[in-house]
Every structure is written in C-alpha cells, then in structure tokens.
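Asker: Construct the complete structure from the given sequences, taking the supplied hints into account.
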Amino acid sequence: MDFKHYLQVLKEHTPYDFSDYSDNSIKRRLQKVISDNSLSLDELIQKTQNDQVFVERLVEEITVNTTELFRDPELWPAIYEKLINIIKTKKTFNIWHAGCSSGMEVYSSLIILSELGLADRARIYATDISKRMVNQCKKGVYRYDFNGGQLKAFEKVLKKNPIGGIKSIDFSKYLDVDVDNDKYIVKDYLRDMVITRQHDLVQDDVPFYNKFDVIFCRNVLIYFNASLQSKIYQMFHKQLYPGGALVLGNHESMTGFFKTKFKKNGAVYQKTNAFHFKYQ
Amino acid sequence: MLRANYKAVVIGGSAGSFSVVSKMLSQLRKDFHLPVIICLHRLKHVRSGLVESIRLKSNLEVIEPNDKEKIVNGKVYLAPSNYHLFVEYDGTFSLSTEKPCNHSRPCIDHTLSSAAYVYRNKMIGIVLTGANKDGAKGMKDIFDKGGVTIIQDPKTCEVDTMPKSVARLIKPEKTLSPDQIVEYLNQLA
Ligand SMILES: C[S@@+](CC[C@H](N)C(=O)[O-])C[C@H]1O[C@@H](n2cnc3c(N)ncnc32)[C@H](O)[C@@H]1O
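Top line first, the protein sequences correspond to chains A and B. Quick note on this note's numbering: the first sequence kicks off at 1 and runs consecutively. Quick note on this note's numbering: the second sequence kicks off at 1 and runs consecutively.
Since the hints were made in silico from the structure, they are not lab data. This structure is a prediction, so every number in the text was calculated from the model and none was measured. Among the hints, erroneous ones may be present.
[What the hints assert, rightly or not] Straight-line alpha carbon distances no greater than 16 Å define the calculated EDC-like cross-link-like pairs of lysine to aspartate or glutamate that follow:
(1) A:K27 to B:E69
(2) B:K164 to B:E183
(3) A:K27 to B:E158
(4) A:K231 to A:D200
(5) A:K4 to B:E88
(6) A:K173 to A:D192
(7) B:K164 to B:D153
(8) A:K156 to A:D176
(9) B:K23 to B:E52
(10) B:K99 to A:E61
(11) A:K259 to B:E69
(12) B:K23 to B:D141
(13) B:K99 to A:D192
(14) A:K32 to B:E98
Answerer: In structure tokens, the structure reads:
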C-alpha cells in the first residue's frame, strides 16, 4: 500500500502529521491497523476523513508506547550524576518529560529526586501525543508482575553504582502494591507533583510558558526521521535554560546542526551558553 | 544465478549462536568489504557484555549502532539489547522499542525483512542455530526479493529449530557449516 499517500491524507484531514516518522516503523504500524480492522486502503482513507473517534484510536495504535520503570537501569546513575550538578544549586527547577508514555519514566526520575532530597524543589511536567497515555500517567497504576524485575535490576545497579550516595531504595515509600490484582499504584503525593498534558511534539506550540532545566525525551525521536529530529532538537534548545540538559535514550545520538549547540556527555546533552561567551 | 555487487550480509541467531558468531568474525578477512549486520537473541536481564565479548575476537570493528547511524562497509553491527534494529532506505539504521516479536527484542525477522526491502537481491541472509522460529519470515522476504539465503547446517547446530523452520518456509540456497559460511563470505571479495 502507498502509506506515504495515506499519511498526506491524515495530515490534511486531521490534527496529526506522521509524514516525517521513520519509514519502517510507521509502515508496519499502519499495516497492522489495516489488517486488525480488515480495511482496504480506500476504506482507511474514508474513515480517516469522516470518523474522528477512529482517528484518535488510530493515533493510539500507530504510536509505540512501551516503557518500563527504570528502563535501562545501568543508565540512571550516569544520567543523574550529570543532572545533579545542574539542579542542586537551584531554588526550584523544571523538568519536562516529552513523550512520557504511561509515566513510568516520570516516576522513576521522581523517586530518585526524592531520595536525593530534591523533589520539593522540582516542578515536573509530562506530555504525550496519546491521551490514553497521559491519563495513565495521571493515574500511576502499573502491572506488578511485569515491573518487579525492573525494580530489582535497578536495586542491583544502585548497589554497585550509587546515585549521590543512594545505595538502595525502599520502594514502599513511593508505590503501593496490590499483588492480588497485579498492581503497583504510585502514591498520591507523587502523582500530585506531576503536571500532565496531551501535546504533539510535531504539530503543537510549546505546551508550557516556562523554560526547563532538564528535558527528558527518551525513545521518542527514534520514531522520527532525521529532518524532523533536527526540528525538535531546535525546539528543545529554545526551551532549555542556558546550561540546561536534554536527556536522550540509550542508542540515540544527536545529529545535524544543533549538535554543535550542546555538549554531549553520554545520553545527556547540555545546552552550551553561546550568549555568555560572546559578552564575557 | 549471478548477483555481483552485494551490499550487505545480515545474520540472525539465537541459542548457541554466540560462539558461532564469535568464531566466524575471527575468521573473516580483515579487509572484508561489506557491512555485517547481526541480530542475536539475548537472555533477559543479561543485557550488557555481549558486544564486548564479540569484539574480543573479531577481525572487524564491532558496533552497537545508534538510531539513524549510517551503515558503513567493513563494519560489524550488533542489534543493541532491548531494541529492534531496522535497515532504512537511506542506508541508515533505525531503532524501535515496539513490543517483542517472537518473544524477543531485538527480533530477527524485523532486521532481516527490513534489509530485504532495502537491499533486495544484493544481500546475503544467514540464519544460525537457535531454539525458535524467529528469522524464518525474514528469510522468506529475502528469498522473495532474490537475495542469497543461507542456513547453518542443522547437523552443526546446538539447537536446530531455527534453521529448520527457515527450511520449512523456503528452500534455502545454501546449507553450510559455520566454517563453510566463512569460506563463502571470504571469497566474495
Ligand atoms: C516508546 S515510548 C517512550 C516512553 C519513555 N520516554 C521511555 O523511554 O520509556 C514513546 C512515546 O512517545 C509518544 N509520541 C510519539 N509521537 C509523539 C509526538 N509527536 N508528540 C508527543 N509524543 C509522541 C508515544 O505516544 C509514546 O508514548
């Protein structure tokens, strides 16, 4: 099927533009929607033009929402080692999780901030294109069985590689467990600290007025092609305070012009302060 | 069938394939001129260390590629743990965290199929020892596009389910022992 043509139709008739997503992934996701719903391409186009509810569901289905608590456990110490220096001297600081999915990355980071004694100075913002994911992030309810292994793996990493002196975490301070129903429930006081909003990185204006000290955008831009990635890097650069940092996923590496405007340190890209240098 | 100017070698393997791949890379010519793209299943929660061990013996540089990394001749690329690895039309890699397929992330079918669409009859697809059927669909795509399909000879496999499930779907062009695979690749130059 001509999926490029379809993405143009989607772009013209709906608020969504996937035309600059990576070919392979978007093609396969669309093929899946077509076969799951037993549609022809013409029928898909028709439904896209006339059925708003279908379009919202389609967006849920073609975006990839996989996430984990403390995903890539061994990366968190390295990330926070760099972030601590950026935030520890600030009275308050702002963190944006762009493409937060169901929120597990948000709460993983927030748990570390709490352990570091920095949480009460943090303002946490979380956005995703998917309304369903934003709602899940607000709710903070996750499968117990699936995530237990991740918490253990993270504990193991902490023992060998403490974050700011933290060697272990008592997760019961942050998560209620309901084993019978296979659930972790994030405690209310943590959930209340997160401001969530549905937001499309491709189409929408920036979602908040304030600038940021840290932007997490992990495993989101891998679904975009290189030219769209560049545009998003530019937007993130503008939204960061001088010296602020963008955190990318494991195996993401910034390419293109904006690379020169950041200092790379592993997955952490720190905005260099060109303005500063000029007037020194 | 004459097919000169190959553009890539793509290899999938699971149970038992680590030592086979290590050995093959230690025997491949130092001036091997194609990219070698490898997708191996990994044990859950033993996610790191694979690339380091494979590097030890390899004659060629071994890389776990980043998203959008350009595919370069003469380098060995290993699908990073916990990501699917795809070949894109512009000669770069892309990564994805989509759900595991055939119980695995990385999934061999994804890498092989995406390569088949890009390299068509200019590629060599190889499936090694393994205990499941991941890779069979991908090999069928390579077969359909006219690429070279090779399976490890089941007699030499620690577990022969994987090459056998390829052979159930298509008739592979070659069935070779690991040594013969290396010999075949080394004479391509
Ligand atoms: C694979 S998840 C990554 C979640 C988390 N950051 C992590 O690394 O575990 C990717 C998320 O990006 C979101 N996403 C995709 N396209 C987006 C867009 N244009 N704007 C905002 N979010 C988007 C998806 O809905 C999905 O929840």
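Asker: All the hints need checking, so say for each whether the structure fits it.
Answerer: Going through the hints against the structure:
1. A:K27 to B:E69: With Cα atoms ~20 Å apart, K27 of chain A and E69 of chain B exceed 16 Å; violated.
2. B:K164 to B:E183: Distance of about 22 Å is beyond 16 Å: violated.
3. A:K27 to B:E158: Violated. K27 of chain A to E158 of chain B sits at ~36 Å, over the 16 Å cutoff.
4. A:K231 to A:D200: holds (13 Å)
5. A:K4 to B:E88: holds (15 Å)
6. A:K173 to A:D192: Roughly 15 Å between the alpha carbons, so the hint for K173 of chain A and D192 of chain A holds.
7. B:K164 to B:D153: At roughly 9 Å apart (the allowed maximum being 16 Å), D153 of chain B and K164 of chain B satisfy the hint.
8. A:K156 to A:D176: Status violated; Cα separation ~21 Å.
9. B:K23 to B:E52: holds (14 Å)
10. B:K99 to A:E61: This hinted pair holds, its Cα atoms lying about 12 Å apart.
11. A:K259 to B:E69: Since the Cα atoms of K259 of chain A and E69 of chain B sit roughly 15 Å apart, the hinted pair holds (cutoff 16 Å).
12. B:K23 to B:D141: violated (27 Å)
13. B:K99 to A:D192: Answer violated: K99 of chain B to D192 of chain A is near 30 Å, above 16 Å.
14. A:K32 to B:E98: holds (13 Å)
Of the hints listed earlier, those the structure fails to meet are numbers 1, 2, 3, 8, 12, 13, in rising order.
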